[in-house]
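Going line by line, the protein sequences match chains P and C. Residue numbers for the first sequence, in the working numbering: 2 to 312. Residue numbers for the second sequence, in the working numbering: 2 to 312.
Since no wrong hints were added, every one of them can be taken at face value.
Identical copies look the same in the list; a pair holds intra-copy or inter-copy alike.
Simulated crosslink set (DSSO-like; lysine-lysine; CA at most 30 Å straight-line):
{"hint": "1", "residue 1": "Lys94", "residue 2": "Lys288"}
{"hint": "2", "residue 1": "Lys94", "residue 2": "Lys282"}
{"hint": "3", "residue 1": "Lys90", "residue 2": "Lys282"}
{"hint": "4", "residue 1": "Lys288", "residue 2": "Lys90"}
Simulated from the structure, these hints should not be mistaken for lab results. Everything numeric in this text was worked out from a predicted model, so none of it was measured.
There are 2 protein chains.
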Amino acid sequence: MNMPSAQDDERPMFDKVALIGLGLIGSSLAHVMRRENLAGRISGAARSEETITRARELGLADEYHTDPAAAVQDADLVFLNVPVGAMGKVAEKIAPALKPGAILTDVGSVKAAVIRDVSPHVPEGVHFIPGHPIAGTEQSGPDAGFAELFENRWCIFTPLPDTDEEALRRLTAFWQATGAHVETMTPEHHDLVLGITSHLPHLIAYNIVATAADLEEVTESEVIKYSAGGFRDFTRLAASDPVMWRDVFLNNREAVLELLGRFMEDLSALQRAIRWGEGEKLHELFKRSRRIRREIIEAGQDTAAPGFGRR
Amino acid sequence: MNMPSAQDDERPMFDKVALIGLGLIGSSLAHVMRRENLAGRISGAARSEETITRARELGLADEYHTDPAAAVQDADLVFLNVPVGAMGKVAEKIAPALKPGAILTDVGSVKAAVIRDVSPHVPEGVHFIPGHPIAGTEQSGPDAGFAELFENRWCIFTPLPDTDEEALRRLTAFWQATGAHVETMTPEHHDLVLGITSHLPHLIAYNIVATAADLEEVTESEVIKYSAGGFRDFTRLAASDPVMWRDVFLNNREAVLELLGRFMEDLSALQRAIRWGEGEKLHELFKRSRRIRREIIEAGQDTAAPGFGRR
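Hey, can you work out the whole structure from these sequences and the hints?
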């Protein structure tokens, strides 16, 4: 991959990195930081003792805290890896303990709301750079992470107008070292782009699983048994962390509602075409999708193997 | 797997099997028939010379025809592997050439409409058993097939009231030899079960790809670039054969419209919960899905590997 060679010497990229939240993203960051020598010392914080215990067994960090403020002491880089709805509260807690000159970033799936909630707490001299790696799986918790999660994925920054260039450069180098590509856009545009590429797909997936589960004429065991016809694909997205996704929808409300409105309009048109037997219209619409699938594969964002190559 | 040992001797299960249609399912049947010695001779029919040429290069059959009637001559078992909307016409063409005592079956994704279209053409003494293997990938054509496609998948029969027991037993043995499990239900129930587990998921997938492609504020290249957040999953289903799917929706109209109505009702409730910030309602709904995902994995109908284990 496109790993830079800057880390070939023995000096880690950052002296101390704090991970606030040790779920899928936090634990993946821990793994890749070890592999790429990105942190001299990793401090990890989680709300539950259970997560801390498991993180300790996995050796994710060098020190563990249930108090996030304790975790950020002396950290040069701080990651907020908590549900979007919890970012503000966590920022408020850690603010007095942040080291002057530190970089504060997050991995939240929504950017405008995170900026709204976090910015007021950021002390003078701390560089807040909102970020979002477009990477994940349907699993969560400290066991879910792996070092390759970010490889060939995109990490989007939505920097504030007064962002320090050097801090941005250092955070870019960090993400590139994980194997990710970095892109920059406004928070509003991010929230719309992710609304269509991630939030709406998850909403639709959760919804169809609920519709299927509530049918009277088809039993749940039939839905499970015959799920290989397509339904099973949706259950993977719908198995994602429910708290994380609740927070995404509550905090990207406008974009999601706008996109959902368009989706429902288009679906009504399809419904009408089916009702009136408009085969040519259906065929034309269905034909378009193959090209987009092919381009996603060519862009390295999915496998070309049939059925995702699953066994 | 659960391969029966009946085929251990050298006698093939059927003397001659005709495959009308050499796409994903037809070519997979050809591969598994060779592996399991299910046919003494395979005859293949396809409409286009291009498909015949490719099938010949792949060695799928022992004889090739563009005329389906020529392909079914002397066949003991005939598979109709064509889009649902073409079944009636093909049945009409082959009817006079069918061997008395032969088993005629199909692999169509809709059963009531296929029975309606095919039954009138079935000659006295030919055993028509409608069938549907719940297996596939997003790829199509003679190159798409592989012998393992049906392994641990379900094949549903929707037998007519006067179905010959011996013919049903022989067709069951055939499908079991491919690695599939066999289940029986009414055509109406099949169409409803597949409506929710396969047809509605595909419709939703086609629809969201169209919605995404038509946005003005987000470019298509952005949709492609950031598709790993969930959207890419839908593009796989939406890359399926457009003619096959057009025919499914036109021929399972009532069930699809009924299910689509329920889906849209549920989606409106979700939309309302987002608009009014009802976090608890969203959380409750999202929590339910994980169990269904887990049960699908336990039932052997999907992989437990994160992200379908794709690379």
